[in-house]
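Following this note's numbering, the numbering of the sequence shown begins with 3 at its first residue and continues without gaps.
Don't take each hint at face value.
To be verified - Now the in silico label distances, taken between C-beta atoms and shown as ranges: (1) 55 to 121: 18 to 24 Å; (2) 180 to 58: 21 to 27 Å; (3) 137 to 92: 16 to 22 Å; (4) 92 to 72: 31 to 37 Å; (5) 181 to 61: 31 to 37 Å; (6) 137 to 48: 22 to 28 Å; (7) 92 to 51: 29 to 35 Å; (8) 181 to 43: 34 to 40 Å; (9) 72 to 116: 19 to 25 Å; (10) 165 to 93: 28 to 34 Å; (11) 104 to 180: 31 to 37 Å; (12) 176 to 66: 33 to 39 Å; (13) 58 to 121: 30 to 36 Å; (14) 123 to 155: 15 to 21 Å.
Claimed, not checked - Pairs of lysine-lysine residues, derived as BS3-like cross-links and limited to a Cα-Cα distance of at most 27 Å, are as follows: (15) 139 to 108; (16) 58 to 167; (17) 108 to 75; (18) 95 to 58; (19) 75 to 94; (20) 60 to 167; (21) 167 to 75; (22) 139 to 60; (23) 75 to 139; (24) 94 to 58; (25) 119 to 94; (26) 119 to 139; (27) 108 to 146; (28) 75 to 119; (29) 52 to 146; (30) 119 to 146.
Treat the hints as calculated values from the structure; they're not laboratory data.
Built from N, CA and C at the ideal position, the CB exists for glycine as well.
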Amino acid sequence: MAVHTAYRQILMLGMFFIILISCKDNFKEVQKIGISENEPIGVAENINLKYTDSGKVKAILKSPKMFDYSNRKFAYNEFTEGVNLELFEDGKKSVVVSDYAIIYNKTNIIDLQGNVKITTHSNDTLFAEQLYYDQEKEWLFTNKPVTFRTGSDLINGNGFDSNYKFTNAEVLEITGLITVNE
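All chains should be modelled from the sequences, with the hints used to inform the complete structure.
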């Protein structure tokens with residue numbers, strides 16, 4: 003019986019030794035995993051995306067580069083070199099341009115930054131440093147300086163609110179109004 007116990011102890015000690023030898027220092031590999039999670043899951047270049055509905059083109063998105071960070075807890079897509087978006091409704095075209103854009107997937111908020119310009123089919127034009135678009139509410143807003151040209155009026159202010167059709171556009175904190183007679 004004592005021999006059997008001795009063999010058991012030797013076997014256990016041998017298994018412990020094998021396990022100990024097989025363990026490695028994986029700290030550097032763990033660090034690499036952390037780095038890769040911070041990198042985009044994909045990169046798209048020279049984007050020319052056409053969105054259609056019922057056989058009609060509804061939107062055309064063009065951008066030199068997009069980074070896809072959908073591997074993050076708070077997923078987003080980043081357009082570091084700007085966007086040019088053409089929107090079509092009832093045969094009429096509106097255009098959105100910015101130097102930078104980021105789309106937050108969970109909140110459906112689009113953040114446009116740098117030389118933001120929206121020109122509607124009726125030739126109303128909004129110029130802003132930064133503009134947000136809530137895709138669910140179809141609402142545009144900012145608290146940054148804007149210039150809004152509508153009809154013969156050129157309105158400057160600090161903030162803007164509107165639906166996406168600009169039918170109830172409002173410049174907030176108006177700092178200047180110029181009416182141009184044509």
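Okay, the hints, checked on the actual structure:
1. 55 to 121: 18 to 24 Å: holds, 22 Å
2. 180 to 58: 21 to 27 Å: Since the Cβ atoms of residue 180 and residue 58 sit about 38 Å apart, the hinted range of 21 to 27 Å is violated.
3. 137 to 92: 16 to 22 Å: Hint holds: Cβ distance 20 Å, inside 16 to 22 Å.
4. 92 to 72: 31 to 37 Å: holds, 33 Å
5. 181 to 61: 31 to 37 Å: The hint (31 to 37 Å, Cβ to Cβ) holds, given that residue 181 and residue 61 are roughly 33 Å apart.
6. 137 to 48: 22 to 28 Å: Distance hint for residue 137, residue 48 holds at roughly 24 Å.
7. 92 to 51: 29 to 35 Å: violated, 21 Å
8. 181 to 43: 34 to 40 Å: The hint (34 to 40 Å, Cβ to Cβ) is violated, given that residue 181 and residue 43 are roughly 50 Å apart.
9. 72 to 116: 19 to 25 Å: Because 24 Å falls inside the window, the suggested range holds.
10. 165 to 93: 28 to 34 Å: violated, 20 Å
11. 104 to 180: 31 to 37 Å: The hinted range 31 to 37 Å holds for residue 104 and residue 180, with Cβ atoms some 33 Å apart.
12. 176 to 66: 33 to 39 Å: holds, 36 Å
13. 58 to 121: 30 to 36 Å: violated, 21 Å
14. 123 to 155: 15 to 21 Å: holds, 18 Å
15. 139 to 108: holds, 14 Å
16. 58 to 167: Cα-Cα ~19 Å, so holds.
17. 108 to 75: holds, 9 Å
18. 95 to 58: holds, 13 Å
19. 75 to 94: violated, 38 Å
20. 60 to 167: holds, 14 Å
21. 167 to 75: violated, 32 Å
22. 139 to 60: Roughly 18 Å between the alpha carbons, so the hint for residue 139 and residue 60 holds.
23. 75 to 139: OK: residue 75 and residue 139 at ~23 Å, within 27 Å.
24. 94 to 58: holds, 12 Å
25. 119 to 94: OK: residue 119 and residue 94 at ~17 Å, within 27 Å.
26. 119 to 139: holds, 20 Å
27. 108 to 146: Holds, at roughly 24 Å.
28. 75 to 119: Violated, because 31 Å separates the two Cα atoms, which is more than 27 Å.
29. 52 to 146: Violated, at about 31 Å.
30. 119 to 146: holds, 14 Å
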